[in-house]
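Peer 1: Given these sequences and hints, build the entire structure.
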Amino acid sequence: MSTLATPLSEASPRPATASMRSLQPQLSAVSAVFLAAIVPFAIAASLDDRLVNGVNIWIKPIKFLGSLAVYYATLAWLHVQLPTRTREGRLGRALVLVPVLIGVLEMTWLVLTAAVGEPSHFNRSAPIYNISYALAGVGATTLVLALLTMGISIARDRASRLSPAMKLSVVLGCAVSFLATMITAGYLSSGAGHWVGGVASDAAGLPLLGWSRSGGDLRVAHFFSMHALQAIPLMGFVIGRSGLRQPRTAVWLATGAYTAFIAWTFFQALAGRPFL
Amino acid sequence: MELENVFSMASTIAAISWLVLAVTPLRWEWPAKAAGVATLVLAATYVALIVSFWSRGEGGFDSLSSVASLFEEPGLLLAGWVHYLAFDLLVGIWERGEAARLRIHRLALVPCFFLTFMFGPAGWLSFMAVRHYKEASTS
Numbered sequence: 001m002s003t004l005a006t007p008l009s010e011a012s013p014r015p016a017t018a019s020m021r022s023l024q025p026q027l028s029a030v031s032a033v034f035l036a037a038i039v040p041f042a043i044a045a046s047l048d049d050r051l052v053n054g055v056n057i058w059i060k061p062i063k064f065l066g067s068l069a070v071y072y073a074t075l076a077w078l079h080v081q082l083p084t085r086t087r088e089g090r091l092g093r094a095l096v097l098v099p100v101l102i103g104v105l106e107m108t109w110l111v112l113t114a115a116v117g118e119p120s121h122f123n124r125s126a127p128i129y130n131i132s133y134a135l136a137g138v139g140a141t142t143l144v145l146a147l148l149t150m151g152i153s154i155a156r157d158r159a160s161r162l163s164p165a166m167k168l169s170v171v172l173g174c175a176v177s178f179l180a181t182m183i184t185a186g187y188l189s190s191g192a193g194h195w196v197g198g199v200a201s202d203a204a205g206l207p208l209l210g211w212s213r214s215g216g217d218l219r220v221a222h223f224f225s226m227h228a229l230q231a232i233p234l235m236g237f238v239i240g241r242s243g244l245r246q247p248r249t250a251v252w253l254a255t256g257a258y259t260a261f262i263a264w265t266f267f268q269a270l271a272g273r274p275f276l
Numbered sequence: 001m002e003l004e005n006v007f008s009m010a011s012t013i014a015a016i017s018w019l020v021l022a023v024t025p026l027r028w029e030w031p032a033k034a035a036g037v038a039t040l041v042l043a044a045t046y047v048a049l050i051v052s053f054w055s056r057g058e059g060g061f062d063s064l065s066s067v068a069s070l071f072e073e074p075g076l077l078l079a080g081w082v083h084y085l086a087f088d089l090l091v092g093i094w095e096r097g098e099a100a101r102l103r104i105h106r107l108a109l110v111p112c113f114f115l116t117f118m119f120g121p122a123g124w125l126s127f128m129a130v131r132h133y134k135e136a137s138t139s
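Protein chains in written order, with my numbering: chain A, 1 to 276; chain B, 1 to 139.
Among the hints, erroneous ones may be present.
In silico negatives: residues of chain B with every beta carbon more than 12 angstroms from chain A [as the list claims (entries may be wrong)]:
id, residue
1, Val-20
2, Pro-25
3, Leu-26
4, Ala-68
5, Leu-102
6, Thr-138
FRET-style restraints, in silico, Cβ to Cβ [to be verified]:
id, chain 1, residue 1, chain 2, residue 2, range
7, A, Ala-134, B, Gly-80, 35 to 41 angstroms
8, A, Ala-134, B, Phe-71, 33 to 39 angstroms
9, A, Asn-123, B, Ser-11, 36 to 42 angstroms
10, B, Ser-11, A, Leu-51, 26 to 32 angstroms
11, B, Ala-34, A, Leu-253, 51 to 57 angstroms
12, B, Val-37, A, Arg-90, 35 to 41 angstroms
13, B, Gly-59, A, Asn-123, 51 to 57 angstroms
Covered stretches of chain A (in silico footprint by chain B; criterion: 3 or more residues with CB under 8 angstroms from a CB of chain B, positions within the stretch not fixed) [as the list claims (entries may be wrong)]:
id, segment
14, 30-41
15, 110-124
Hints were generated in silico from the structure; no laboratory data involved. We put the beta carbon where it would ideally sit given N, CA and C, even for glycine.
Peer 2: What follows is the structure, given as structure tokens:
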């Protein structure tokens with residue numbers, strides 16, 4: 001393998017073209033496409049009067065498109081932080097193709113079930129819905145596994161150009177996002193729905209998010225688990241800029257606090273209390 | 001939103017795009033780009049209509065009477081109409097680009113535009129004829 005490496009990549013681990021690029025091009029393109037795809041479904045929401053859980057049937061595909069757009073944008077940034085070898089090798093290509101393919105399949109599932117007027121998650125009314133819901137769970141697991149893979153790869157990179165505090169926050173963001181999502185989403189999907197007590201409808205929930213205001217809602221902890229991926233590196237960035245003397249310790253403390261917050265939202269929902 | 005309003009909006013977007021394509025100098029590039037954006041909007045509207053109304057329609061594509069019963073659902077009838085508007089406009093953008101490239105006179109292009117706008121394939125056929133004539137006279 002090393003004989004195939006060009007003299008340039010032997011001499012400097014990060015060629016100029018790669019270091020100048022701040023986002024992986026395909027993943028950023030997919031992020032933009034998912035964001036743009038909100039338009040037709042926003043139009044659909046204004047045309048279609050069908051409801052699921054008391055809210056317009058297209059709200060959920062729109063939320064997932066937005067969430068996945070944020071996911072791909074973050075992935076596009078993470079991908080550039082990978083060690084050059086990994087990034088340009090088979091694993092690097094897989095870390096583009098696999099998440100994109102799965103995201104497209106997940107959205108296809110959400111749009112098709114909405115188009116036929118059926119719920120997507122927790123739908124066990126017919127074998128086709130049961131099977132597709134189970135497969136969607138496998139897909140979603142793969143999406144967060146990609147994060148774990150990236151986190152491990154970045155953690156092991158001695159030549160990383162990230163500051164130590166930033167690097168730590170990125171790695172912890174990936175790890176917490178993976179672990180907490182596996183626990184909260186795993187628990188959520190094993191039940192019959194996202195409500196714990198309260199009114200079983202999203203109609204009176206928080207604006208856009210739809211989280212219950214009358215009882216517990218397991219989607220809250222799921223949301224904050226996934227977005228540990230952005231929240232913890234963002235805190236790492238702020239800590240890095242603040243000029244603290246022990247930035248790595250501060251990142252560990254911030255991560256601990258954020259994880260405790262996720263746990264609090266999770267147990268709050270389990271106790272049947274609304275988030276807000 | 002009422003389907004009648006969607007119909008009016010889509011038709012207005014298409015008509016304005018056609019007007020801009022027809023009256024602006026053919027060497028300008030922005031009219032084709034603007035009409036391209038209008039086509040994106042029409043296509044997004046089409047997708048919205050299909051995902052909203054497809055499951056409510058009866059019938060299918062397998063026979064003429066199936067297609068007829070499909071179009072008894074107003075949402076799908078409108079989707080079919082927006083499909084015409086979007087694809088006719090796409091053909092119009094292409095015709096304008098070809099006309100600019102081959103220096104086809106506007107007086108020859110505009111009747112083709114009118115036919116494409118009104119009767120899609122008839123307009124495209126007439127433009128193909130004009131283009132063939134122009135290519136024969138320049139080569």
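Peer 1: Does each hint hold? Answer for all of them.
Peer 2: Taking the hints in turn, this is what the structure says about them:
1. Every Cβ of chain A is farther than 12 angstroms from the Cβ of B:Val-20; the closest lies at roughly 22 angstroms, confirming the non-interface assignment.
2. Even its closest Cβ contact with chain A, about 30 angstroms, leaves B:Pro-25 beyond 12 angstroms, as expected for a residue assigned away from the interface.
3. Non-interface status of B:Leu-26 relative to chain A is upheld: no Cβ of that chain comes within 12 angstroms, the nearest being about 29 angstroms off.
4. Here B:Ala-68 stays apart from chain A, with its beta-carbon at least about 22 angstroms from theirs, past the 12 angstroms limit.
5. With a minimum CB-CB distance of about 33 angstroms to chain A, B:Leu-102 clears the 12 angstroms threshold, and the non-interface call stands.
6. At the 12 angstroms boundary, the C-beta of B:Thr-138 stays outside the reach of chain A, the nearest C-beta of that chain being 39 angstroms off.
7. Under the hint 35 to 41 angstroms, the C-beta atoms of A:Ala-134 and B:Gly-80, about 36 angstroms apart, fit the expected range.
8. In this structure the hint that A:Ala-134 and B:Phe-71 lie 33 to 39 angstroms apart at CB holds, the actual value being about 37 angstroms.
9. Separated by about 38 angstroms at the C-beta atoms, A:Asn-123 and B:Ser-11 satisfy the suggested range of 36 to 42 angstroms.
10. In this structure the hint that B:Ser-11 and A:Leu-51 lie 26 to 32 angstroms apart at CB holds, the actual value being about 30 angstroms.
11. Look at B:Ala-34 against A:Leu-253: about 53 angstroms separates their beta carbons, and that is inside 51 to 57 angstroms.
12. A hinted range of 35 to 41 angstroms for the beta carbons of B:Val-37 and A:Arg-90 is consistent with their spacing of about 39 angstroms.
13. Between B:Gly-59 and A:Asn-123, the C-beta spacing of about 26 angstroms breaks the proposed range 51 to 57 angstroms.
14. With 3 residues carrying a beta carbon less than 8 angstroms from a beta carbon of chain B, the segment 30-41 of chain A meets the three-residue requirement, and the given coverage holds.
15. Beta-carbon proximity to chain B at under 8 angstroms applies to 5 residues in the segment 110-124 of chain A; the threshold of 3 is reached and the given coverage holds.
Checked against the numbered hints listed earlier, the structure breaks hint 13 alone; every other hint is satisfied.
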